[in-house]
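Enquirer: Please construct the entire structure, taking both the sequences and the accompanying hints into account.
Residue numbers (my numbering), protein chains in the order written: chain A, 1 to 1055; chain B, 10001 to 10449.
If you're looking for bench data, these hints aren't it; they were derived computationally from the structure.
Be aware that a few hints might be false.
Stated by the list, open to error - So these bits of chain B aren't anywhere near chain A, every CB distance computed over 12 Å:
1) 10103
2) 10197
3) 10200
4) 10232
5) 10244
6) 10371
7) 10422
To be verified - One-sided and incomplete, this derived list gives chain B residues near chain A with beta-carbon spacing under 10 Å:
8) 10032
9) 10034
10) 10106
11) 10164
12) 10165
13) 10168
14) 10260
Bear in mind the structure is a predicted one, so any value in this text is a computation, not a measurement.
Every residue, glycine too, gets a C-beta built ideally from N, C-alpha and C.
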Amino acid sequence: MKSKIFILILLLCNDTVYAQVAGRVLDKSTGKPIANVTITTDDGQITKSDRSGNYRISDPEHGTNLYFRHLSYMDTVVKIDVDYQSKKDLTIFLDRKSTQIEEVVISTGYKTAAKDRLTGSYTTVTAEQLQKQISSGITSVLPAIASGVMLENNADFSGRLMVRGLSTIRAEKKPLIVLDHFPYEGDIDDINPHDIATVTVLKDAAASAIWGVRAGNGVIVITTKKGGFSQKSKFNLSANVKTASPPDLYRLDIVNSTDFIEMEEFLFENNFYDQRIIDYTRPALTPIVEALAKLRDNEISQLEYDALKERLRAADVRDGYLQNFFQRSTLQQYHLQGNGGTDKLSWITSLGYDKGIEHNKNKNNRLTYRLQNQVKVSPKLHFDSDLSLIFQSMDFGNPSYGSIKMSTMELYPYAEFSDAEGRPMRIPQRNNAYIDRVAEDGLLLDWNYYPLLDYRHITDVRNQSTVNWNTGLRYDISSFLDLHLKYNLQQSRAHSENQFGEESYRARDLINSFTEVGTNGTVIHRIPKGAILDRSGSNNFAHNLRAQFNYDQSFEDHAIAALLGVEGRIYKSTTDADRIYGYKPENLSFANVDYVTQFPNFITGGRNNITNGQYRSETDIRFASAFANTVYSYKRRVNLSGSLRRDATNLFGVKTNKKWNLLWSLGASWLVVDQSASLLNRLNVRTTYGYSGNVDPTMAAVNTIRYAGTNTWLNQPIAMFASYANPQLKWETVGTLNVGADIKLWNDRLDISVDWFKKKGNDLFGLDVTDPTAGIGSTIVRNVAKMNANGLDLMAGVKAINTSNWKLHFQFNVSHNVDNVEQYYLTDLKGRNFVNERAISGLEGHPVYAIYSYRWNGLDNTGNPVGYFEGEESTNYADIFNNTPIEDMEYSGPVLPRWFGSGGGILGYKFFELDFRLIYKLGHSIRTRSVDYTTMVASNMTHSDYALRWRHPGDEKNTSVPAMNYPLDSNRDYFYKYAGVLVEPGSHIRLQYINLSYTPSVSFFPTLKYSLFANVENLGILWKATAKDMDPDYENMYNSVAPPRSYAVGLRVQF
Amino acid sequence: MKNKQLYISLLGLTILLSAGCSSFLDVKSDKSLAVPTTLDDYQAILNEVDNFLAPPEGEIMSADHYLPDQTYDAIACQTSKDLYRWIDNLQIDNCMVNGWALAYKNIYRANVAINGIKDIENSQPASDLSSNIKGQAHFIRGINYFELAQIWLNAYSGEESRTKLGLPLKFSSDFNEATKRATLGETFDQILVDLYEAERFLPLSSANLYLPAKPAVWAYLAKVYLYLHNYEVANTYAAKCLDAGYQLMDYSTVDGTPTFPFKLLANSEIIYARFLSSSGSPASLFTNGVSPQLYEMYEDDDFRKTLFFRYMSNRNIFRGDYNSGSGGNFCGPTIAEMYLILAETHYRMGDLIEARKYLSDFQAVRKSRVPTYADSELLDAILLERRKELLYRGIRFGDVKRLNILGEGITLKRSIREQEYALPPNDPKSALLIPQLVIEKSGIEQNPR
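Expert: Structure, rendered in structure tokens:
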């Protein structure tokens, strides 16, 4: 027809004349048979290809055309001329319609199948959707486009992708990442997004049961781009650059310098620092405390003190960071891809280069290379190979915010890195007066820390190279049976070197600490002068081998597709680390130190060993699995599916019969309506039920020990118990029911897919408290827990306008998820054990992660917070904090969003397209931070609420921040920290990106296509439920602000 | 034909995989993991650093050290604050080392080693190495029970107290075994059984201070029998330690210029190295001042007055730690302690001449001038030397309990922000409350109040 058609005809010459034309219809890119291709002739014959792609036309007239039509493929016409007449093997290859997604093909990693024939719940994201956001990895990209996927920050798995919420309490909660056919052991973000063709999320049990034990938390299948047979060579070039300003440090909720100084003066008057000033370990003092001590001892005058205070009140450590260490971040990405193929060989290759410079000058470089080939060795034997190489280097630059500390404490807010003339200033790490005194003797290295200079003496470089090689053979035993052998090798080597130069504070500090001065003034450096070089490396190997039979046959109305296979997997990991003292990088010399003898610390005289920094570990994790999967279809409308899998792993100390676990799923679907041109175009209903499990490494039948380190007193190895004989422990099991429907309305203009699910976990692992007298500590893992979860995933697409010039599409993903603990053994029902919302709370009838808080009754007229104890108002904080039973606590909502998802629209006019996406999380609560006086004085972790604290009677009407009293009462601080008044709703909607693209058609050069785009990401929060000035996703991390808005421009060319 | 091919290949695959599977899955998932079976494994289990640590609760409850009010205020951990002033606390907040859990973990490790070596010796003859490890395990189990008993049980007051509440005695490697309290008498019987077993199996001497040998067992037997008021036997074992060749150090020759004048190694007094657990917030208790009243008791001619203390700003800080301030305070037995046990036991057995001899031999290396004591002053002088010599070693609290049984009438007192706190003689609170978690999970009886 009008569109370009490539026709490839294989002729097997045969002189015998048959009065018919027969052959097969195959997919041009995969070489797979295509069923249900309608074949018509000019003279009115109609036939359809069968499951094996075979067709037969009797007696075609000379010169007639054969028309091959299929929903998902380009229409193809073949003229039967003299040469073609009477051929018994006329094989036709059809081109898949590239932009059409009428028949979505889903890759589960074990097979690809038309979505129609799958009974489970899947979401697929295309390359086009992925490319709307500019990133070097897909973790941050998926939540804005994939249904049921969320990036979670507030529970104990920060920054982790989650698929459909929780299905276990204690076991692994990460989804399984599959790259093409095999689990990917590396970091998902190492994969260049430009090489990705589709990302499929397998959400329910039928989808995941085939992946076994590791699939309980959902599976994310990444399929890379593949070449196709018989294609002209094509090249794609893409280049883009993204930039963002440094994070807005002024949004950090730390106290201002004036308030901090005021607090220090208050504490000084109360003798809080007396011990710290004279302490024989010489801890660091802030400049104000140091000056106050000098003022008290008449070493400086009041005038001098006031001048210092005046100067420091105006200082802000954030200015220092921004001026000296921060800049705009940039990310440049370049990617060139070529693909093509002959009738026997297809190829695709790509080269990608990413160069990122973070706002603190951390440099990331990544080079990716890929070569994928498919070869038809013979009509029955196909070979493929896919090699991918990733080289990465990371070079750490300037200090990141918060990394400069005062010894182990946070930096005071008025810290100065340089004086008025720009000369570097010291930040105290020890008592400055003491450091100055010992410096007078001239025996030691300078013991001061200058942040402006220090990072220049530190190099921290990490290199990583990754090889991922997939290869396979497919042998067509018969038209309905194939044997697949697949092998995958993954190797990743990483090496890091962290060199603290002789001039760096870290090196000087260690050398000084281990310096001894003899009575006659001789100086002995137990750690020789020179740099300290920490090296660490890791080497990870994974081998996967799979043998699999695929059976695919149809008889009239019935069709069966089945697979049966076995696989084995070895994942070996070695890590090691060492340290070199007295290192001279200029000539690579280094020194020996004595690790066995204890030497006195220069300051305290306490004796310690020199740390040797050596470490080594070797793990070898193995899996063996057998699996089977069958789909029976009746008239392509009714499908019944079932899968079965047994997994085993080499858990140490576990009895063999417990190493194996059986997982299964069943499913059914019914295509109720499938017609064009009516209100309801399509209605497909599906349901699945499956059973999966999880294993805990502590399931050992005997006590196991782990060799860990050396007892330096004895110079002998130490073994600790790794697990205690716990033979009652068994696999945990999770059953998942999924019911879904796919609906298309009004000529496919409205496309809805909805899934409801219910998960039920039995015999889940939970920590059971044990009697410490037993000698194994106070907790042990047992199968003590039960939980359930249910929810909903809804995807809806609307093509509001779809004309040749105008396009207006909307798409929404809505996910709902509620988890509920049914049973979890808790012996200590004191409320204080439930206040950490990042830990599993495990209270029956509530979510796994929940916020509980102390009931709050405001401040009294002395600025003290008032709570309740045993039903009465109380200010006995020790009782409130320690003894409030959980039933007297307030349940303040779930930590995980009840509703989450994304939504957006595309507005197109001619060559322009404007695209935006929102992300939202709704229905959860956030425990906001406020001032915690105990922590503030102990570690300088401050909060700007300090300025709002109660100061005078009457303030209690306007503030809920308690007064600062001395002595501090940690129970009072805990009570306030975990009181209901600080819990805020977490619901919010953020605008993730806006993308504008321009894709003109180039009439003078028809094979050339190009597109230009501009993009803004992280546009910020559009709406939030709380009135507090905060970002709910970043609120509970100290020293962290939301990522800044970023801007990108780019170009894509295809020729 | 095609089917035949299929079946053959299927069969082949199945055989291949099922044959390979069992050994494929028998590979260790982590090279550092092991099931303890060899003598080296059991020695490595006993090498765990915690095995060298003793519960700190007793030391916190003795009144030898002192915190200025501001320092006390700055302590965040309520449990350590309450221990410091003898307020009942069930250790729910878990903010400091739980000595009960620490000691029972040590006992569990010892049990695993004892039971494991029993299995090994069933199949092969006992060797010096297996005896040695077995001896170490019995030693560790015995001294841990002894340390627990001094803190959580009432003092031993003769036959009539044998039926009082004792410790749960654990012998199994099965952590599911029920916990029951034995009697006080049974507890001390077990301590002695373990120490006698250790004496039987351990060698005469050890190359390493951290590995026990027979003298270490004798020293603990002397300590235990003294606690049981069995002066004759205590005396015998203390004397055996003297015969083993340990020497008192002459403090007049000790250089006082380093921050910590004493070293653990090359220290002729140390019989066995053991430390008070100091991890957790109350560590500062030990790095802080010594009680001013105690400090005043050291005469100016006492070398310890300068070698043990350093005046820093407003108080005297203890620096006489034989572990030179590295981690926990030294709390093992020394030959000096044996001299003091010999002096006290001779006195109590009525041999004042011998008592005086050991006291003056000891004082000769601690003081520049050896005082003379009238018969009536002698016992007080010996007990005062015990207190002055053995401070910060977790010994004082047990001593106070033992001496109060003998009618010494020692009341421990502290004053915090003008508030007085006291632990009167033989008060029920001298047997610390067992942590709440233990009571809840095991159902054993709590110490009465």
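Enquirer: Which earlier hints turn out false for this structure, listed by number in ascending order?
Expert: 1, 11, 12
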